[in-house]
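**Student:** Protein chains in written order, with the numbering used here: chain A, 609 to 800; chain B, 59 to 262; chain C, 5 to 216.
Any given hint could turn out to be false.
[As the list claims (entries may be wrong)] Calculated lysine-lysine pairs in the DSSO-like style (CA-CA distance at most 27 angstroms, straight line):
id : chain 1 : residue 1 : chain 2 : residue 2
1  : C       : 51        : C       : 81
2  : C       : 173       : B       : 158
3  : A       : 610       : C       : 61
4  : C       : 51        : B       : 223
5  : C       : 61        : C       : 81
6  : B       : 158       : C       : 81
7  : B       : 158       : C       : 61
8  : C       : 136       : B       : 223
9  : C       : 158       : B       : 158
10 : A       : 610       : C       : 10
11 : C       : 173       : C       : 185
12 : C       : 64        : B       : 221
13 : C       : 81        : B       : 221
14 : B       : 158       : C       : 64
15 : C       : 10        : C       : 46
16 : C       : 46        : B       : 158
17 : C       : 140       : B       : 158
18 : B       : 221       : C       : 181
19 : C       : 64        : A       : 610
20 : B       : 221       : C       : 43
21 : C       : 82        : B       : 223
22 : C       : 43        : A       : 610
23 : C       : 51        : C       : 10
24 : B       : 221       : C       : 185
25 : C       : 61        : C       : 152
26 : C       : 51        : C       : 64
27 : C       : 81        : B       : 123
28 : C       : 43        : B       : 158
29 : C       : 158       : A       : 610
30 : C       : 10        : A       : 701
[What the hints assert, rightly or not] Which stretches of chain B does chain A cover? Using the computed rule of at least three CB atoms under 8 angstroms from a CB of chain A, they are:
id : region
31 : 161-170
32 : 218-224
No lab work stands behind these hints: they were computed from the structure. For each residue, glycine too, the CB sits at the ideal point set by N, CA and C.
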Amino acid sequence: MKLIMIFISASLINNFVLTYFLGICPFLGVSNKTENALNMGLATTFVMTLTAAVTWPLYTYVLVRFNVPFLEYVAFIITIAALVQFVEMYIRKSSPALYRALGIYLPLITTNCAVLGLALFMVLRDYNYLQSIIFGFATGVGFTIAMLMMSGIREELEFADVPRHFRGTSITLIIAGMMALAFMGFAGLMSG
Amino acid sequence: MAENNTSLFHEFKKGLWQDIPPFRLVLGTCPALAVTNSVINGVSMGLATLFVLLSANIIISAIRKYVTSQVRIGVYVVIIALLVTVTDLFLAAEFPPISKALGPYVPLIIVNCIILGRAEAFAQRNPVVPSIMDALGMGIGFTMSLFTMGLIRELLGFGSILKVKILGGWFEPWIVMILPAGAFMVFGGLVALVNYITHRRSGT
Amino acid sequence: MNNVTKMFLNLIIVGAFSGAVLAWVFHLADPLIQANREKELKESIFKVLPEAKDYRKAEKGLAGENIVVYLGLDEDKKPVGVAFKADGGGFQGNVGVMVGLDLEYQSLKGVEILDQLETPGLGDRIRETEFKEQFKGVEVRPRLEYIKYRKPEKPNQIQAITGATISSKAVVTNINKAVEKVLAAFPQGEISTIPAEAAAPEASPHETGGDR
């Protein structure tokens with residue numbers, strides 16, 4: 609039950625983008641076309657799930673065991689950077705088609721605050737291994753949902769007459785605000 | 059030498075308006091939204107980022123000739139993580155309420171694109187002194203932006219500035235300003251405003 | 005020196021340097037951080053037991069758990085109430101509450117929210133004064149309850165924050181659980197007679213000899 613709660617909470621009720629402001633850079637930058645948004649979302653979800661799977665044991669069996677919690681940030685960011693590097697190399701070798709679709713987004717994922725954020729939250733909330741993996745997956749799904757919703761709206765927006773100074777970043781942010789308001793409606797979902 | 063001074067000043071100045079993060083240079087947006095629910099939080103985050111940005115720029119510029127290109131991102135990221143951890147420990151030790159208020163957003167300075175962005179775009183190919191100017195300009199510009207957002211959100215959302223109630227009992231706080239939705243909208247509004255001012259200044 | 009060696013050297017030097025610097029800074033900062041935590045704990049005890057000027061700590065093991073309570077004392081060293089931490093899962097993570105209970109174990113003297121990671125703007129409103137004030141004087145027998153959308157109707161009820169039911173409920177549940185444990189470990193008659201061997205940290209005698 610708790611797993612389901614974690615999933616719904618992380619993807620909808622406390623969506624990383626719309627509640628915690630994580631992953632805003634790609635959210636603003638890559639959400640103009642649905643195809644790009646989807647690819648970025650999928651790539652990020654994959655990296656986030658993997659990150660949860662790798663950083664949890666790193667934290668539990670290395671950092672805590674050797675009593676060096678202050679190395680958490682350094683260790684996590686190195687892990688994320690390395691993971692992204694390996695994922696990129698693997699995809700390039702195994703599926704050139706996939707690489708062509710996703711490849712350029714991968715390096716950007718290293719600095720996506722959502723990835724590091726997920727690792728930090730996982731530690732703060734004391735999740736166990738399974739919970740952490742679900743959490744990683746769920747936050748990625750939430751990110752993808754936000755990206756897709758935004759890209760859908762932005763594609764429509766191309767035909768609208770946006771006032772000159774609001775074009776681009778500004779209108780995207782205002783729309784994000786409205787999306788955030790809408791997502792607040794999910795707040796009652798789990799209270800029962 | 060005069061030319062040197064003008065160009066140094068230029069490096070400093072550009073971060074204050076022309077390339078001000080996060081309104082014109084769209085980087086560092088995550089903390090801009092997350093911790094600007096009050097003036098003190100916004101300014102603290104700005105100063106913390108300034109410190110990391112300045113130190114990172116200095117270090118990365120100083121070692122730029124020795125770092126092998128392929129691993130430079132890894133090296134930069136470790137240095138930044140180191141600086142951020144130091145900052146985090148410092149805040150937890152000396153300013154616990156601020157540390158609590160900023161919470162997990164302090165470690166997220168590591169992935170604040172401003173820092174890695176400036177390292178890549180500037181510090182790794184420029185000497186130390188211009189890098190210092192660049193960092194100071196960007197950092198102060200960022201702090202000013204966070205201050206502005208914090209001001210608007212705290213004033214409208216709590217009716218206070220720096221926890222001092224400015225607007226009296228007649229004011230019904232716009233709670234939305236404290237919530238994420240308000241953050242997005244204020245940010246969006248300010249970007250539009252900055253666009254407008256820039257446009258006016260350049261005289262169409 | 006070929007490229008690969010240079011790469012490794014870069015990483016190793018940076019890594020080792022970072023590790024060393026961090027270990028040193030942590031060594032300096034940790035005592036301060038611990039001291040801050042102590043201070044926060046102390047302040048929260050005085051906040052939830054407003055009449056207390058001093059306190060005594062007591063612990064007892066119960067069913068594998070260490071139950072810690074702080075007996076609040078006024079200026080005449082008379083007990084005024086007990087304070088204890090109530091921890092438990094909220095919506096997003098641990099919700100840590102400091103609870104102040106009267107000596108009869110009947111009603112609360114106050115609560116203070118110590119840690120929480122609840123949703124900003126909604127769940128984290130449990131930190132607000134308005135929510136916390138409700139708990140003063142509320143009865144905990146038979147158990148604390150919460151009510152939604154209306155003002156409390158019974159002496160053992162508080163009103164949950166609209167839109168933050170789970171976070172409000174977490175506070176209530178954690179308090180109930182902690183009260184049960186404290187009652188089991190320190191039965192009512194015993195509580196005012198906690199021996200002085202667990203002396204309050206402030207009252208440390210002047211140390212002779214030995215410098216800092």
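**Student:** Next step is simple, just say for each hint if it's right about the structure.
**Tutor:** Cross-check of the supplied hints:
| no. | hint | result |
| --- | --- | --- |
| 1 | 51(C) with 81(C) | 18 angstroms, holds |
| 2 | 173(C) with 158(B) | 23 angstroms, holds |
| 3 | 610(A) with 61(C) | 35 angstroms, violated |
| 4 | 51(C) with 223(B) | 23 angstroms, holds |
| 5 | 61(C) with 81(C) | 14 angstroms, holds |
| 6 | 158(B) with 81(C) | 34 angstroms, violated |
| 7 | 158(B) with 61(C) | 26 angstroms, holds |
| 8 | 136(C) with 223(B) | 21 angstroms, holds |
| 9 | 158(C) with 158(B) | 35 angstroms, violated |
| 10 | 610(A) with 10(C) | 48 angstroms, violated |
| 11 | 173(C) with 185(C) | 18 angstroms, holds |
| 12 | 64(C) with 221(B) | 41 angstroms, violated |
| 13 | 81(C) with 221(B) | 36 angstroms, violated |
| 14 | 158(B) with 64(C) | 31 angstroms, violated |
| 15 | 10(C) with 46(C) | 53 angstroms, violated |
| 16 | 46(C) with 158(B) | 17 angstroms, holds |
| 17 | 140(C) with 158(B) | 25 angstroms, holds |
| 18 | 221(B) with 181(C) | 35 angstroms, violated |
| 19 | 64(C) with 610(A) | 31 angstroms, violated |
| 20 | 221(B) with 43(C) | 22 angstroms, holds |
| 21 | 82(C) with 223(B) | 39 angstroms, violated |
| 22 | 43(C) with 610(A) | 34 angstroms, violated |
| 23 | 51(C) with 10(C) | 58 angstroms, violated |
| 24 | 221(B) with 185(C) | 38 angstroms, violated |
| 25 | 61(C) with 152(C) | 36 angstroms, violated |
| 26 | 51(C) with 64(C) | 24 angstroms, holds |
| 27 | 81(C) with 123(B) | 68 angstroms, violated |
| 28 | 43(C) with 158(B) | 14 angstroms, holds |
| 29 | 158(C) with 610(A) | 32 angstroms, violated |
| 30 | 10(C) with 701(A) | 26 angstroms, holds |
| 31 | 161-170 | holds (count 6) |
| 32 | 218-224 | violated (count 0) |
Hint check: violations occur at hints 3, 6, 9, 10, 12, 13, 14, 15, 18, 19, 21, 22, 23, 24, 25, 27, 29 and 32; the rest are consistent with the structure.
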